[in-house]
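Enquirer: Chains as they are written, first to last, in full-length UniProt numbering: chain A, 1 to 291; chain B, 1 to 291.
Simulated from the structure, these hints should not be mistaken for laboratory data.
It cannot be assumed that every hint is accurate.
[As the list claims (entries may be wrong)] Dumping the calculated SDA-like pairs for lysine to any residue here, alpha-carbon to alpha-carbon at most 20 Å:
(1) B:K138 - A:N132
(2) A:K240 - B:E107
(3) A:K145 - B:R33
(4) A:K172 - B:S28
(5) B:K172 - B:V220
(6) B:K65 - A:D134
(7) A:K45 - A:I94
(8) A:K37 - A:S25
(9) A:K138 - B:N132
(10) B:K164 - A:S28
(11) B:K145 - A:K172
(12) B:K138 - A:T135
(13) A:K65 - A:S13
(14) B:K37 - A:S159
(15) A:K145 - B:K164
(16) A:K242 - A:S254
(17) B:K163 - A:E31
Protein chains: 2
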Amino acid sequence: MKIHDQYRERVNSCLDSFLGSIPSSPNSDIELRDVMKYSVLAGGKRFRPILTYTVASLYDSEIEKADSCASAIELIHIYSLIHDDLPAMDNDDIRHNQLSNHKVFGEAQAILAGDGLQALAFSLISNDPLINADTKIKLLELMAKSSYAMAEGQSIDLSVVSKKVDLNILNKMHQKKTGALLNCSIKFGALLHNASENDLSILESFASHLGLAYQIQDDVLDVTTSDEVLGKRQNSDAVKNKPSYPSIIGLNESIKTFENLYQNAQEELSHLSVDCGPLSLLTTRLMNRSY
Amino acid sequence: MKIHDQYRERVNSCLDSFLGSIPSSPNSDIELRDVMKYSVLAGGKRFRPILTYTVASLYDSEIEKADSCASAIELIHIYSLIHDDLPAMDNDDIRHNQLSNHKVFGEAQAILAGDGLQALAFSLISNDPLINADTKIKLLELMAKSSYAMAEGQSIDLSVVSKKVDLNILNKMHQKKTGALLNCSIKFGALLHNASENDLSILESFASHLGLAYQIQDDVLDVTTSDEVLGKRQNSDAVKNKPSYPSIIGLNESIKTFENLYQNAQEELSHLSVDCGPLSLLTTRLMNRSY
Chain A
1 MKIHDQYRER VNSCLDSFLG SIPSSPNSDI ELRDVMKYSV LAGGKRFRPI LTYTVASLYD
61 SEIEKADSCA SAIELIHIYS LIHDDLPAMD NDDIRHNQLS NHKVFGEAQA ILAGDGLQAL
121 AFSLISNDPL INADTKIKLL ELMAKSSYAM AEGQSIDLSV VSKKVDLNIL NKMHQKKTGA
181 LLNCSIKFGA LLHNASENDL SILESFASHL GLAYQIQDDV LDVTTSDEVL GKRQNSDAVK
241 NKPSYPSIIG LNESIKTFEN LYQNAQEELS HLSVDCGPLS LLTTRLMNRS Y
Chain B
1 MKIHDQYRER VNSCLDSFLG SIPSSPNSDI ELRDVMKYSV LAGGKRFRPI LTYTVASLYD
61 SEIEKADSCA SAIELIHIYS LIHDDLPAMD NDDIRHNQLS NHKVFGEAQA ILAGDGLQAL
121 AFSLISNDPL INADTKIKLL ELMAKSSYAM AEGQSIDLSV VSKKVDLNIL NKMHQKKTGA
181 LLNCSIKFGA LLHNASENDL SILESFASHL GLAYQIQDDV LDVTTSDEVL GKRQNSDAVK
241 NKPSYPSIIG LNESIKTFEN LYQNAQEELS HLSVDCGPLS LLTTRLMNRS Y
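Next up, chain A with everything else stripped away, as it sits in the complex:
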């Protein structure tokens, strides 16, 4: 099994056992635990946990230490998907090839599932017995900041629907909406093992190139890939009148831009104090992804 598949299976099993450990609420028709499970265990690429595990592996082979961070970052990501899919937000009824959370459990429970998942992400890291208190504080501080930036990015995103925006605004919006959490996933792996300030700043720059590349690529795939492969509706940006890279600079220019950004990201990695092989491999695979 390839290493990224191993990481995916590992975080799936951590998430499954973590959610399984939440006590049931008797006497309720709907249990919040089950509402959360529906979305968390629906699959997905687990891109953020894979980033955390991969970066952590550059510094140390003790993979268990990265479990709570990998799981927490995925809980934050899933909470944001549940809320983004709500009728008041992006109004998407399909996610990961199944009905969106609110389509199954109703809007109220979907809002609460997102709220609950955000709280649980902080629980997971603050309760991890393998990480010392000083490191935990750095991780929690970064996750809180990134989670806030994500909400702010989504707020900006909603306020620019149907508007003419330039590339600069689009970049800034994505830097918050998706970039902040990717940056968090990447730096988690380094903070866990007390990486140097120099490595952290290289990874910060790597994350910013990778995050933007990933987003532009998402916009391109939204135009070029079928619903079934994406696991959500195709062409959703255009249908919703959302500004996207292809709509501003065209499809070919968008492809060229994200490929350049991935190459910049690759080049940064060679300056790390550790062997960057596994992270470089992951970056190449991302550049060539088809969904």
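Assemble chain B onto chain A, guided by the hints.
Expert: Frame of chain A, contents of chain B only:
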């Protein structure tokens, strides 16, 4: 100025300066910062911060150390009010004598404001330079657990609307929905100053009596107080077909029950290792509150 008014002014000023420190997002029509400010600075009793300051004052006179906890717990409370007021939830259009957040900014921004406030609460404590890392972890662990319990309590609350429930279920629901956060406010004050396990367990029991008393009293006030004084619609439980203590055990029995619970709470306090005067005074004032 009475001590509780001083605490209220103190937390108001901390919240104001904290939200003021969040950078603006240029190019947006609506700024998430302003959406949050609208609800956070709308006033309110600041009951939870007052509890934190009061308990902290039993152990130490250094009040600055409690600022981040007092502010964070209020941010969690306000986030929950914004989400609870949404049409998909309790559908309330008035809160603190002004329009609810979603009535002014729309549902999407209101959901994001709640999401952002939860993240900021964790930022506030994890960034506080006055608290050491070990203590911060205890505070963050408790806040994450309490915030999750609150979401779960609201989930149970929504699933029992229009249903016949017994006192036992109602107690359990309130223990999560409002009790968990009150317990957190109270224990924050003690954890900040390394209180003994014995004191923490006395405060836990005090919090559980106080929390239930406060909730039953809320149900009673919902029936007996005017909209203007409450700052929200009167008789809202009955209109929404929500089970309440007066609807199950009657008004007089409800009053007797909450008074007894406050008295139990008072008695617990005498066993603390420190002078419980200020907390005892606060409890008496709560018992006699009219809104």
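Enquirer: Go through the numbered hints given earlier and state which of them the structure violates, listing their numbers in rising order.
Expert: 11, 15
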